[in-house]
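Chains A and B are the protein sequences, given in the same order. Take the first sequence: its letters are residues 0 to 301, numbered as in numbering that gives the first Met the number 0. Take the second sequence: its letters are residues 0 to 301, numbered as in numbering that gives the first Met the number 0.
Quick caveat, the hints were computed from the structure, so don't treat them as lab data. Keep in mind that the hints are not guaranteed to be accurate.
Example chain A residues on the side facing chain B (calculated, C-beta under 8 angstroms, incomplete) [claimed, not checked]:
id : residue
1  : V173
2  : L208
3  : V278
Glycine is no exception: its CB is placed at the ideal position from the N, C-alpha and C atoms.
Number of protein chains: 2
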Amino acid sequence: MSGRLIAIDWGTSNFRAFLVDRHSGECLDSVRSDAGLRSLTTEEFPHYCEAQVGRWREGGQVPVYLSGMVGSARGWSEAPQLDVPAGAEDLAANVVAAPGLDNAWIVPGLKVVRDDHVDVMRGEEIQAFGALALAARDSAICCLPGTHSKWAQLKQGKLVDFSTAMTGELFHAVRFHTLPGEPGRGDTPHSERAFAQGLAASRHPAGVLHALFEARSRHLYAGLEGQEVSSFLSGVLIGSEVLAQHGALLANGDEVLLVGSSGLNPLYRQALEAQQLRVKEIDSDAATLAGLLALAERHQSN
Amino acid sequence: MSGRLIAIDWGTSNFRAFLVDRHSGECLDSVRSDAGLRSLTTEEFPHYCEAQVGRWREGGQVPVYLSGMVGSARGWSEAPQLDVPAGAEDLAANVVAAPGLDNAWIVPGLKVVRDDHVDVMRGEEIQAFGALALAARDSAICCLPGTHSKWAQLKQGKLVDFSTAMTGELFHAVRFHTLPGEPGRGDTPHSERAFAQGLAASRHPAGVLHALFEARSRHLYAGLEGQEVSSFLSGVLIGSEVLAQHGALLANGDEVLLVGSSGLNPLYRQALEAQQLRVKEIDSDAATLAGLLALAERHQSN
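Assemble the whole structure, with the sequences as input and the hints as a guide.
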């Protein structure tokens with residue numbers, strides 16, 4: 000068995016691969032590209048993957064573990080979505096061989112199907128298990144911000160429940176496809192002031208459907224500049240997401256493991272702290288790597 | 000003074016004109032088209048208006064009153080937005096002559112500018128005053144559903160406060176520009192069942208940013224068909240709008256004047272009644288007509 004593995008997070012719009020030392024958990028090399036699932040046909044997946052990471056494989060000895068939308072019906076090959084509660088060992092027991100590439104494994108996603116709540120996840124379950132390992136916890140609430148932000152509850156090493164907020168995707172839809180978003184379409188720098196105004200607006204009693212509209216009314220009558228609209232909308236949406244999840248899951252003073260990128264983590268930290276929550280930040284790439292490493296240990300010992 | 004007037008509601012995407020008998024309030028004739036503001040240049044406004052209603056004007060004797068986005072910076076000529084509280088007499092005192100057409104008047108809009116709430120309205124203020132007259136009330140809470148739904152509080156004949164929910168515009172943005180909306184892009188019939196599911200989902204503790212995502216997860220795992228996605232999203236958004244406004248403005252058993260079209264009123268009635276609110280429906284065209292008539296009485300007596 001090789002002392003290395005290759006961890007890949009492959010989503011709709013990007014590809015990230017890491018060569019990992021199994022003993023130290025260290026990342027020895029990495030590669031990333033914009034070649035998301037959307038840009039490839041089914042037959043291209045094994046070739047693209049081999050072209051990106053082939054030089055690390057030692058003739059196929061080094062295994063590849065893939066998480067993310069790569070396991071969806073539109074991805075390389077469909078992997079199941081397991082019911083919660085589930086742990087890393089359940090994911091390991093249900094990996095799917097990636098067609099056309101030897102010793103390459105696609106990791107399952109998770110789902111919740113109840114009368115009052117239906118939800119799906121692919122990729123963030125690995126990051127949540129990795130974050131738990133990196134934080135040396137066996138229970139936590141993880142916030143994984145993004146296009147479809149996930150909030151995961153973990154207890155004794157199992158992911159027991161989660162919900163998705165469409166924050167990132169709505170941000171894009173409002174900015175590029177509504178009247179209030181119109182002045183915010185340019186490529187403008189982040190405005191602290193407008194983001195803080197958006198966070199405050201997210202607590203408006205008339206709710207988020209109103210708070211978003213204040214991007215327009217404040218632009219007309221309250222000094223919100225066109226180049227600030229995008230930050231204001233971001234504040235409204237991230238604030239609304241955190242406000243709702245706080246009400247649903249958390250009490251003041253609780254800790255949230257924030258598992259995001261260096262771009263999103265500071266914005267979410269600000270929103271979480273404004274809601275009297277404590278924050279422990281974990282880099283999402285490091286979490287993917289730690290999560291796939293933990294899964295590989297269980298998979299190879301089966 | 001002519002015994003008739005011409006009432007026009009001219010918005011971003013449509014034009015509606017009514018010939019009205021001033022004594023009976025009766026609508027004698029009407030014309031409507033898709034020629035919204037967006038489709039015309041500034042110089043075209045007077046010519047288009049004359050072409051549509053010239054045959055009713057008795058050589059310019061019959062006055063024209065115009066409300067809606069026609070009075071915005073992108074419309075025919077900018078009319079002010081007055082601060083609340085304001086009544087029909089305040090609107091009448093601030094009408095603006097429409098350039099290039101004799102005896103034609105553009106009605107002001109309204110605004111709220113406070114630290115904690117900034118909002119704007121053009122056209123719905125006229126409908127709210129008209130609805131009040133038609134319902135023979137001097138105080139009410141009006142719900143005016145649409146692209147930008149308005150909730151207006153009226154007391155003793157004055158509009159004292161209001162807020163906007165971006166419900167209609169978000170419905171379009173989510174349906175046509177997000178992943179969960181994708182299966183709902185076709186022209187499908189309304190589904191009672193999916194709309195009711197969306198209303199229920201709008202009460203999810205994780206909030207509307209999550210409830211919208213259930214369009215995807217329920218499509219994958221809970222039997223929500225592709226042709227039902229649009230009705231489900233509509234239920235989530237209308238339900239969220241009503242839920243927030245209920246919390247902000249109303250107690251169980253309160254009455255709402257619902258001032259909408261024959262397409263939207265039944266959906267809003269269902270959402271309002273699900274929140275234990277009583278509903279009195281008023282047709283939005285009738286409200287425009289009654290509102291502009293009330294305003295004209297005050298304008299001509301100045």
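- In ascending order, which of the hints set out earlier in this document are inconsistent with the structure? 3
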